[in-house]
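**Q** As a plain string of letters, each chain reads:
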Amino acid sequence: MAPKKVEPKKPEPKKPEPKKEEAPAPAPVPETPKEPELDLKSVPLEFTADQIEEFRDAFTLFDETPTGEMKIRYAQCGDVMRALGHNPTNADVLTVLGKPKAEDMNTKYLDFEKFLPMLQHVSRTKDQGTFEDFAEGLRVFDKEGNGTVMGAELRHVLATLGEKMTEDEVDRLMAGQEDANGCINYTSFIKHILSG
Amino acid sequence: MVIYWCEILNHFFFLNRQDLAAVLIQRWYRQYAARMEMRRRYTWNIFQSMEYADLQDQIKLYNFLGYLMDNFTPSSSERNLISHIFRENEVCRDAEWERYFSYTNIDVPDIYSGPRLTFPLDMDQAADLVEAFKNKQQLHSRYVLQLLLETWKLLRVLPNINRVSTCHSKEITICGDLHGQLEDLLLIFYKNGMPSLEKPYVFNGDYVDRGKDSMEILLILFAFLLVFPGNVYLNRGNHEDHIINLRYGFTKEVLNKYKLHGKRILKLLQKIFSWLPLVTVIDQRVLIVHGGISDTTDLALIARYVSSLRPPKKKTPSRTNVYADSERYVEMVICKNRRGSLTFPKPFDARESFQRRSLQDFSSTVARTLEEEFEVRRRQAEFSLSSFSKSHRILSSALSSDSEPESSEFTDTGNDEWKQILDLLWSDPMSHNGCIPNEVRGGGCYWGPDVTEDFLNRHSLQLIIRSHECKQDGYEFCHNRKVLTLFSASNYYEVGSNRGAFIRLGPDLVPYFVQYQATRMTRGLSFPQNVKRTEHTALKILREQLFVHKSDLLSAFQEIDKENMGLICLNDWASAIERVLHLDLPWRVLHPQLVSSTTDGKLDYHGWFRDLALKKPSSEHIEQTMLETLYRHRSTLETIFRIVDTNNSGLITFEDFRQTLKLLSAYLKMEISDEVINELVISTDTNNDGSIDIDEFMEAFRLVDKSRLKRGKSLLKLMQDNQSLPQETETPQTVYSTAPQTSQCPASQPADPPASNTTDSACSQTANPPASQTADSPGSLTEDCPASQTEDLCHISVVVPPQ
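If you read the sequences in order, they're chains A and B. Each step along the first sequence adds one to the number in the numbering used here, with nothing skipped, and position 45 is 45. Each step along the second sequence adds one to the number in the numbering used here, with nothing skipped, and position 615 is 615.
Simulated from the structure, these hints should not be mistaken for laboratory data. This structure is a prediction, so every number in the text was calculated from the model and none was measured. C-beta: ideal position from N, C-alpha, C; glycine also. Hints should not be assumed to be uniformly reliable.
Said to hold, decoys possible - Short derived list, chain B residues pointing at chain A, Cβ under 10 Å:
id : residue
1  : ARG41
2  : PHE513
3  : GLY601
4  : GLY607
5  : PHE609
Kindly generate the complete structure, drawing on both the sequences and the hints.
**A** Given below as structure tokens:
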């Protein structure tokens, strides 16, 4: 599948089930079986020249090196991929980066040539998640089955489960979404996220 | 037992579901945040590159004028214009100037309800002044002149370097650029208290230009300076310069607010600016200066500087550097004085030789030299100070391979002091070592961390606080936290674009930051909403730029599209735009916002231009490309006008107008025929008295949105029907708008009252739906149109085309 351009994400047919069932009980610690596959050198680039130029532009936007060396920190890699329309989990990003150590994330750099195959790999993941998946995810927290979730509970979950978010991130996400009772109507919430 | 295990499994299973759900939401959030971040970054880039592009224009203009200075003939008719431009006012002693600025004859009518000042000022009066301005009152010109005169007298005895101490446990408040944004100053006073004996303040320059209340800010600052001369410290910024003010709006503001006495007020301000201190030092440890330093900055020299100094001679035309002070030169014989404008070419009297050629002949020479020079500058100007730019490499490699002398043109000791000041007021920090001329701004230099280190050691300082550059969060450290940039004008590019900040510094000399954003509107907005608003404006500006370069872009496209299919692929589209606009922006990332649709990855560029615009061109008399050019260079045109208008009357004669356009045509290397000039003159001489109001003329160069135009048209029709207003006259229809005879808005007011409310809400719908892909329109938030400080881009004027 050709990777997307910078546009609001369009839903895409996928199969989330296999991945979800694979995951063992507690936390998502998958990836170990996948490692042998991840030989980035062998990933053929299916992007067109136009697309590559576009990625290059985006990459440059995130280049913070003082002399414009076209490099980004490991910690930025996920952001750039997401800015380009993909949706990897943090774990996915760490995998393509080759499982770097925590201290490497801000000290090691990645140039554009190395970035491209990573992007290609990530773009292949069928499991991009649609509106339905997202709604499904939120429904889990809809105790009363009435289309709303409690803001406080969602905050708690997002900050403690899964790939934890910081308080700032949660605040940003939830800004203006809770009604007077502290409830969130998740259909509009989802639209808000998907349209951004 | 089984049930127990079932429950546990169930529990785990549930937790698992929750976990997975959480991951899903989290990854979606992260994607949303990343895209928002990207938009924020390119929006910032757009504003900064437009700002630098404008600076470039200014530099080119000065260089051109400087070239003319060196090279015109005494026999041509243009000579009169040039000498008229550069002729100095009569030289007077200070005492004579004081007579000129006398206010005692100015009567204040009883009906005047603003503050009536009595001197010496006291704290209550200063506070009243602030209150009055908050209530949108205007200080009467009599008091303005009086206050300014007192200020001038005080400044003449103040040293160049303010020395401040934090003893007595006083915290010193430091503010950066304000740029005429009164709201920000009021907010600072609200949060921090007004200046007083217990509350010393340092203001770091750039009080004027761009914002609409520059005058009020100056009056407030000067008032406090007079009341607390030992507790209020003002530094000079690069905008405290009458030539810069011609272009960036302060001159216009004063002339509009003070129609009768504006000229004298401006002249007095010119003097005051040249007497402002340059630098403030706190506890001999912290340096506060507007721009920065260079590797040759010498504080001892600056402290002594008050001499009569001959401006530096230009070495070669290709290293044109026209910063010299004409006033200085003439006055040097008579009395000691400070430097007036740092950015004005020498008077022609000072030139030793000139060639015997007419201005017309120069066109080709000028063209050639300028072209070469522009090429050099363009290459260098591709260097954007934004750390997200890819052109850093270009500049650094260009510099390392070039053997261009850096500051060797200033080796003459006589030039030292003058260069010192430029460096202090114009420089910017850069991330790599060294010190190179600041080609983007055209003055001062870029200085590196090694220069900072050296400077601090030499002068036993520990920190440099400077302003001069807009920062997203209001402040930013660099050079290993030894240099701090402080910017106090929030929402500088657009509502929501950035915060402002001020600092409090106690005896420990550790800065304590306070950030703010001055608009009521932004307080309710979340970060993403801010980003979207700002992005919206940035894209609008960008679309306008694309539109006014249509002719050049069309040629570029057609060069690529040799078969004339009308289609072009996106990559070519982006490269063509890069070539024509010279803006270092991520065009390929921006294309979804600028291009509504493509077929098979190809863009129908004719359709695209139609979508972009604005109004359909249809002038019989004036050619499309000409209008486009004039529009594109309208800032330059306006600046030239104001330079020509030496007595600051806001009017220029027919003849001057004609000469100005001829100058412009030489500068642009574009033939502006006499017919065109006549056409323009006739259409703008609304008084029919042989003089042209500059503001009215510039009014004609507003781009008007199609949809708003329709609205305006129907509104006007309504008004005409109801009130039998005059019908449109047959004026030549330009692309951009007709001359404003039929419009009811005088140039000085932001918008025509009856129409403005409705057009304000029209603001909130994007005018070009196909081209804009931002999901949200600002909705109920109106753009800050009349109050916007961007140069009239947000402005709506109700101008109607004939028929």
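**Q** Hey, does the GLY607 (chain B) contact hint survive, CB to chain A under 10 Å?
**A** Nearest chain A Cβ about 19 Å off; hint violated.
**Q** Identify whether the interface hint at ARG41 (chain B) stands, where standing means a beta carbon of chain A within less than 10 Å of its own.
**A** holds, 5 Å
**Q** So, PHE513 (chain B) near chain A? Judge it on the closest CB pair being under 10 Å.
**A** violated, 18 Å
**Q** Report holds or violated for the interface hint on GLY601 (chain B), using the least CB-CB distance to chain A and a cut-off of 10 Å.
**A** At about 6 Å, which falls below the 10 Å cut-off, the nearest Cβ of chain A leaves the hint on GLY601 (chain B) intact, so it holds.
**Q** Using 10 Å as the Cβ threshold, decide whether PHE609 (chain B) counts as touching chain A.
**A** violated, 21 Å
Of the numbered hints listed earlier, those contradicted by the structure are 2, 4 and 5.
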